[in-house]
Amino acid sequence: MSYSFRSSLVLLRFLALASVLVFSSSTPQKQLSVYSKAANYSVVVVERNNTDYLGLLELLEPLGTVTVQVNGEHAKFRYNDVEADFVAGRTRVRVHGSDLDLPSAFLLENSRGLVPISGLSALLPQILGSPITLNLSGRRLFVGDVAIHFTAVVMKTVPPKLVMNFGSPVNPMIATEPGKLEMTFTHDPVVAPGSQTLTFDSKAIPSATFEENNGMAKLLVTTTVPAMASFGNDGRTITITPAAPPAPPANMPPSVPSAGPTVPPPSVAGGEARSLASGTPRVFVVIDPAHGGDERGAALTDQLPEKNVTLAFARRLRTLFDLRGLSAWLTRDGDPTLSPDQRAVMSNASGAAIYIAVHATSEGNGVRLYTALMPSGGQNQGWFLDWETAQSSFEELSQIAAASVATGLESKKVPVRSLSAPLRPLNNLVMAAFAIEIGPETQDISQLSSPEYQLRLGEGVVSGVAEIRDQLEARRK
Amino acid sequence: MIPRQLMIAVTALGIMASGMSLYVWRMRGTVAQTAAITPNTQPVAPPAAGPTEQVTLYVAYDEGGMLRARPARIPLPNGRQERAEELLRALVGIYLGKSSPHVLGAGSEIRGVYLADPGLAVIDLNAAFANGHRSGVLVEELTLASLLATLSANIPAIARVKILVDGKERDSLAGHVDLTAFYDVSRVNQLVTQLTMEP
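Residue numbers (my numbering), protein chains in the order written: chain A, 1 to 477; chain B, 1 to 199.
Honestly, the hints are just simulated from the structure, not real lab data. Predicted model only: the values in this text are computed from it and were never measured. Do not take every clue at face value.
[As the list claims (entries may be wrong)] The calculated EDC-like cross-link candidates involving lysine to aspartate or glutamate, where the alpha carbons are at most 20 Å apart (straight line), are:
no.: 1; chain 1: A; residue 1: 30; chain 2: A; residue 2: 109
no.: 2; chain 1: A; residue 1: 413; chain 2: B; residue 2: 198
no.: 3; chain 1: B; residue 1: 162; chain 2: A; residue 2: 388
no.: 4; chain 1: B; residue 1: 162; chain 2: A; residue 2: 182
no.: 5; chain 1: A; residue 1: 203; chain 2: A; residue 2: 182
no.: 6; chain 1: A; residue 1: 76; chain 2: A; residue 2: 101
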């Protein structure tokens with residue numbers, strides 16, 4: 001790898017980060033995070049009549065097969081075999097033959113059914129048929145027994161270190177500033193230990209505080225010395241140690257800052273564009289659910305836009321990658337409108353090893369994998385990579401990745417076809433990149449929303465990527 | 001007794017009001033006439049007539065998601081640019097036909113093809129073509145590859161192609177395939193090779 005090429009990448013990342021900062025938005029979108037065995041995801045919360053509401057379809061869709069029929073003021077939701085009847089403006093709901101009352105009225109807005117968050121404790125167990133735990137103040141919802149508990153102990157070594165052991169692999173965003181190290185768990189169902197505040201018998205690391213707010217859990221570790229976090233045991237252990245003294249300047253700057261302020265997301269309509277905090281661990285894979293917001297993609301059925309299927313499948317992929325110990329990150333975890341440029345900027349800034357765009361189609365015959373069909377022209381100018389053809393030097397690796405994923409899918413008996421396509425932002429990415437267009441095996445479009453089918457596809461994709469993990473890591477900057 | 005100046009002023013105002021009423025009435029008639037004009041869904045140019053020539057059309061088939069080279073005889077004019085337009089209109093005619101293998105939206109039309117040196121072709125589609133196009137990576141890609149492969153197979157020395165919609169740049173055909181780029185014909189031919197192989 002030549003010096004000038006590395007420099008180009010560094011410069012590209014710097015420009016990407018700068019762009020993200022320029023487009024930054026300061027007001028966080030209200031959200032409810034949902035943790036379940038099927039998927040971890042978040043749903044946008046809206047305020048109506050001073051009450052927090054969310055869309056019931058968005059909430060249920062990642063958990064199972066949902067259909068909605070709206071007829072005037074009546075909305076009938078069907079989740080698997082359970083029917084729930086709502087009437088706009090009324091609090092009384094009929095679920096599976098029984099009546100229950102919501103604390104606030106059900107609302108219908110453009111055929112979108114909204115339920116008050118405070119009513120989920122009563123409503124969801126009836127619909128899902130399983131217990132839930134709702135943390136209303138922190139806006140976190142746990143479906144079934146999915147919570148991750150942890151212990152924290154300061155080891156009196158020299159220097160002392162704080163060792164936290166989690167019940168399952170976790171992937172928090174980490175940011176440091178003088179006097180504290182903050183870990184933000186956005187899609188890990190980490191729950192508080194016995195007490196919200198932990199105190200340690202250590203001058204260097206005297207305490208830690210656990211907070212839950214707006215669908216996120218934060219662990220704030222107070223330190224008297226600069227500290228850094230490292231991961232072990234496949235993401236189950238996080239160790240915080242005093243940082244080593246600064247190293248002498250090297251010839252090359254680091255490609256991704258190792259610590260620093262959280263990078264804010266680009267300003268987007270609809271909220272929930274995602275961004276990565278700088279710090280460890282770096283994500284391995286960026287998953288980009290295509291479309292979103294005003295841009296609905298193909299109308300797979302009258303009621304099912306492509307953007308919903310892509311998000312549901314992307315969330316499932318994230319869970320499967322996480323289970324495989326490969327940290328995954330979504331460009332959107334809600335319904336914002338993102339341009340191809342914004343997607344490329346965020347993905348390049350992540351420093352991930354591979355990018356996967358998710359599309360969906362009603363055309364049958366399985367899955368199609370696409371690598372970039374590069375446009376004409378494109379000459380790099382010194383350190384500057386041509387934006388339109390930034391993918392050029394990764395074309396071969398992208399094709400290797402797509403071929404490996406095709407093998408993974410074929411092992412799951414899924415029909416696959418590999419093609420190139422002029423599909424943005426594949427050509428703007430400086431990492432292995434491909435798009436997957438999922439379609440039903442036959443003409444049965446409902447298969448696209450089937451958790452079993454999505455799981456089969458997801459396992460094929462993840463096994464294909466995991467197979468070439470070393471190759472991808474080797475090219476990662 | 002009414003002052004003379006007041007009478008003159010009232011008379012002048014009356015004449016102005018009458019004039020403005022007449023003007024508004026005439027304008028209303030013009031607007032009504034404009035609104036009455038129905039959208040033109042006819043081809044922008046009449047089909048060429050005269051002796052026919054053997055050409056190769058790359059036809060998209062949704063069944064199987066493939067491109068197939070199909071020989072055809074169509075009347076072609078002498079000018080290189082006009083020949084390019086007629087070729088693509090013949091191709092679109094197949095897609096708009098009753099037994100279309102790759103259905104396009106009603107009213108889809110090639111507005112024009114412009115050949116610029118060196119080796120650049122600009123295909124201008126009408127808005128109905130893009131607005132009525134089905135959305136999906138493969139279905140959009142088949143349309144693009146079909147147009148470009150047909151053009152480059154029959155009009156020599158075309159190296160790059162740009163697609164416009166109603167004379168303007170558009171982000172994508174129907175939400176997927178990029179229309180902001182200039183397409184390199186040699187690269188598109190690699191795609192055509194992929195699309196002509198049985199999946």
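query: Between residue 30(A) and residue 109(A), does the CA-CA distance stay at or below 20 Å?
result: With Cα atoms ~18 Å apart, residue 30(A) and residue 109(A) stay inside 20 Å; holds.
query: Does residue 162(B) pair with residue 388(A) here, judged by a C-alpha cut-off of 20 Å?
result: It holds: about 15 Å lies between the C-alpha atoms, which stays within 20 Å.
field: Restraint check for residue 203(A) with residue 182(A), where alpha carbons must lie at most 20 Å apart
entry: Holds - the C-alpha atoms of residue 182(A) and residue 203(A) are around 18 Å apart, at most 20 Å.
query: Holds or violated: residue 413(A) with residue 198(B), Cα cutoff 20 Å?
result: holds, 18 Å
query: If you draw a straight line from the CA of residue 76(A) to the CA of residue 101(A), is it 20 Å or shorter?
result: Holds, at roughly 16 Å.
- prompt: Given the hinted pair residue 162(B) and residue 182(A), is their alpha-carbon gap at most 20 Å?
  reply: Violated, because 50 Å separates the two Cα atoms, which is more than 20 Å.
Comparing the model with each earlier hint shows a violation of hint 4 alone; every other hint is respected.
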